[in-house]
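Asker: Next come the chains, spelled out residue by residue.
2 protein chains.
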Amino acid sequence: MSTKNPRVAVVGATGAVGREMLKVLEQRDFPASEIVPFSSARSAGTKVPYKGEELTVIELKEDSFEGFDIALFSAGGGTSTKFAPIAAKAGCVVVDNSSAWRMDPKVPLVVPEVNPEDLEWHPGIIANPNCSTIQMVVALKPIHDEAKIKRIVVSTYQAVSGTGQKAITELETQVSRLFNGKDVVSDVYPHQIAFNCLPHIDVFEDNGYTKEEMKMVNETKKIMGDDSIKLTATAVRVPVFYGHSESVNIETEEKLTAVDCRNMLANFPGITVIDYPEKTHYPMAIDCAGEDDVFVGRIREDETIDNGINMWIVSDNIRKGAALNTVQIAETLIKRDLVRVK
Amino acid sequence: MSTKNPRVAVVGATGAVGREMLKVLEQRDFPASEIVPFSSARSAGTKVPYKGEELTVIELKEDSFEGFDIALFSAGGGTSTKFAPIAAKAGCVVVDNSSAWRMDPKVPLVVPEVNPEDLEWHPGIIANPNCSTIQMVVALKPIHDEAKIKRIVVSTYQAVSGTGQKAITELETQVSRLFNGKDVVSDVYPHQIAFNCLPHIDVFEDNGYTKEEMKMVNETKKIMGDDSIKLTATAVRVPVFYGHSESVNIETEEKLTAVDCRNMLANFPGITVIDYPEKTHYPMAIDCAGEDDVFVGRIREDETIDNGINMWIVSDNIRKGAALNTVQIAETLIKRDLVRVK
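Heads up: the protein sequence lines correspond to chains L and U, in order. In terms of UniProt numbering, the first sequence has 193 at position 193, counting the first letter as 1, and numbering is strictly consecutive. In terms of UniProt numbering, the second sequence has 341 at position 341, counting the first letter as 1, and numbering is strictly consecutive.
It is possible that part of the hints are untrue.
Identical copies go unnamed one by one, so any copy, or any two together, can satisfy a pair.
To be verified - In silico PhoX-like pairs for lysine-lysine, Cα to Cα no more than 25 Å straight-line: (1) Lys-4 to Lys-148; (2) Lys-51 to Lys-82; (3) Lys-23 to Lys-230; (4) Lys-335 to Lys-150; (5) Lys-255 to Lys-150; (6) Lys-279 to Lys-106; (7) Lys-221 to Lys-51; (8) Lys-279 to Lys-166; (9) Lys-106 to Lys-182; (10) Lys-342 to Lys-150; (11) Lys-211 to Lys-279; (12) Lys-279 to Lys-89; (13) Lys-89 to Lys-106; (14) Lys-166 to Lys-150; (15) Lys-279 to Lys-150; (16) Lys-230 to Lys-342; (17) Lys-279 to Lys-255; (18) Lys-230 to Lys-61.
If you're looking for bench data, these hints aren't it; they were derived computationally from the structure. Predicted model only: the values in this text are computed from it and were never measured.
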C-alpha cells in the first residue's frame, strides 16, 4: 500500500451524483492528497462544498488528468467514452458511473461487497453498475454463495432522483401545479410522474424490454461472475424522490428457509435486515434515503416452487446505487494497492 | 327474464365505492324500478346524487330489505357478515363487496368476464373479489384458456383509494404539509405514504404474507376454478390516488408468443391492450382512472423459462376493482334470469 495519498479528480461534480460523491468523500474522510472537481464548460466556475471549503469547479479538458491518481466519473456516457481512456492513459485509475464501459469484457464491473477480486484485472477503468442492479446483487450474493440462484423475477419501484436533479424538480413542480389546479407539464418523462407509475425506464429495445431491464439482466451475470443466473425484470418509475425499492422473487438450487436467509443477509457486509412485519417494520424508501446500507425485509418462502424466496430490497439510489459504491471502489483499490500514486 | 325491473338497495352508499356504485348504475342506465341508498345511523340523512336527483340515505336496519330484489353491499366486513344473510332471507340477491363471504364454498366469487356460470349456484349471496385480483384474473383468463397457467409471480402498485376516502385525504394532506415544510402525520397508514412505497396492504398473516397477498392467491384459484394455479404475490401501496398497476410474470404449460398474447387479450371482453412502447404507449394509472376496462401492456416473452410472459396490468380499482364489477354481476344475474323480481 502506497504511503502517499492519491490526488483525486471528480468529473461531473455539479450533478446530483457528483455532489453526493463529494459528500461521501468528506463523510468517509477519504485519504486524498487533494480533491479537484471538474465539469463541462457550461458549469465550470460553480462552487461546490467540501470539508467546509468551497471548491471551484474546473472545465474538463484533454490534459486535465496530468498529476491525478484516481478519477471518479459521473458525467454521462458521452464524457466517459471520450475521457475515461484519456485519464487512464495519463496514469489515473478511472471509476466510471456511466453505462459506457459496464459490459466491456476488459473492464471490471464491481460492487465491493460482491466481487472486489475483479478489481485485480482492471485496465485503468472500472465500471460502477446501474443503481437498481447494485442494491439487488448485494442482497443476492450471500444467497447465491449458499444455495446457488437459478432464476430471479424482479419488479422495481424506482425514485425520480435516478434520472437526475431535473426529474426531482419535475415531480415537485407537477405536484405543486396539480394542487393548485393547474395543468401538468412533462419534460423529463414522457408522461406525468406525479401520482402515477411509469413502466418505462431508459429506452425500449427490440425485444420489448427497456435498457434498464436488460442492464439488470446482463450486469447481474457479470458482477456475480455466473452466466447461468436467469433474470427477468420489469422496471417502473414511481413518484418517490429518493430510494429505489425492489420486489424480488428468487429460485435457488438448494432449499433455504426464510430464517436462513434472514441470518445470512444480516451477517453480510453492507446489508441491514428490517423484517418485523408484526411491528410494521420493513424497509421503506423514505427511511433509506441518506443511508449507506442495502435494506432487506419481507423475507418469506415462496411455496409455489420447491426452493423459493420473496424479498423486498430498498436502498438510496444516489448513495449505494451510485456515489457511495464509486467511492467504495476507490477505497478498495487503495486497500488492495491497485493504484500507483505518483 | 322477468318483465318487471328489480328494486335495488345500495348498502354503504356514502362510502367511496358506494358513491361510485350509484354513478355506475346511472351511467349504465341499470334497469331498476327504484334505487334506495342505505348506510349506518351515523351517515343516514346524507344526500347522494342519482340521475339528477338527490336521494336521502336511510339507516340500515334488520327489516330494511323487505320489498327489495337486489342488494349491493359495500359497507365493510362486519355489516356484510350480519346483514347479507338477513337480506338473502328477505328474498334479495346480495352482491357483496367485502371479503366476508369470498372464500365461503357455498358463495360464488365472480368476475363476469371470467366465471359468469358460477352465478347459477348462488345461495342468495354472491361475493365480489378483491380489487387487485379482479383486474388480474380478467387478463389471466384468455391466457389460461389457451395455454394453461402454471405459476404467477405478481408485484402490485396499489392506489390509496383502495383504502377509502380517508386515505385519499391522508395522501393529499401529507403532500401538502411536506410542501409547506411541516411534519407529516400518518393516521390511516402506519407510515408516510407521500413519496414512499409501503410493502404492506391489509394485516400480516403468520406465514409472513399479508392478507392482501393471500387474497390474490386464494381468490384467483376460486374464480378461475383451478386449484392447480400457483401464485405468489407482493402487494405494495404507492402514492397514487386512483388506479392499481400490476407487474405480472406468468408461466404457462403451452408456449405463447407475445403476439399471441396481445391478440388474445385484445379480443377478450373488458380488456384494452395498450402496447406500443416505441410510441411510449403503455397502461398508466392516471389514464385508467374513471375507465371501465382492464388495460394491459408491456407484453413480452420471458426467456428465462420455456413458456413465460411478462405483462403490466392497470385498472381503476374503484370501478372495475369494486363498483363496476358489482353492478356487472347484478346485470348478469338479470340477464340470466337469476333474480326473482317480486
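Asker: Decide, hint by hint, whether the structure agrees.
Answerer: The hints, checked one at a time:
1. Lys-4 to Lys-148: neither (42 Å within a copy, 66 Å between copies)
2. Lys-51 to Lys-82: neither (30 Å within a copy, 67 Å between copies)
3. Lys-23 to Lys-230: neither (36 Å within a copy, 47 Å between copies)
4. Lys-335 to Lys-150: neither (33 Å within a copy, 50 Å between copies)
5. Lys-255 to Lys-150: both (12 Å within a copy, 21 Å between copies)
6. Lys-279 to Lys-106: The answer is neither: 48 Å in one copy and 36 Å across copies each exceed 25 Å.
7. Lys-221 to Lys-51: neither (38 Å within a copy, 60 Å between copies)
8. Lys-279 to Lys-166: between (37 Å within a copy, 23 Å between copies)
9. Lys-106 to Lys-182: Neither: 51 Å inside a chain and 51 Å across chains, both beyond 25 Å.
10. Lys-342 to Lys-150: This pair counts as neither: shortest intra-copy Cα distance 45 Å, inter-copy 61 Å.
11. Lys-211 to Lys-279: between (38 Å within a copy, 16 Å between copies)
12. Lys-279 to Lys-89: neither (55 Å within a copy, 42 Å between copies)
13. Lys-89 to Lys-106: within (15 Å within a copy, 76 Å between copies)
14. Lys-166 to Lys-150: Answer is neither: 38 Å inside a copy and 43 Å across each miss the 25 Å cutoff.
15. Lys-279 to Lys-150: neither (32 Å within a copy, 34 Å between copies)
16. Lys-230 to Lys-342: Answer is neither: 43 Å inside a copy and 61 Å across each miss the 25 Å cutoff.
17. Lys-279 to Lys-255: Cα proximity of Lys-279 and Lys-255: none, with 27 Å in one copy and 43 Å across.
18. Lys-230 to Lys-61: Neither: 42 Å inside a chain and 58 Å across chains, both beyond 25 Å.
In this structure, the earlier hints numbered 1, 2, 3, 4, 6, 7, 9, 10, 12, 14, 15, 16, 17 and 18 are contradicted, and the remaining ones agree with it.
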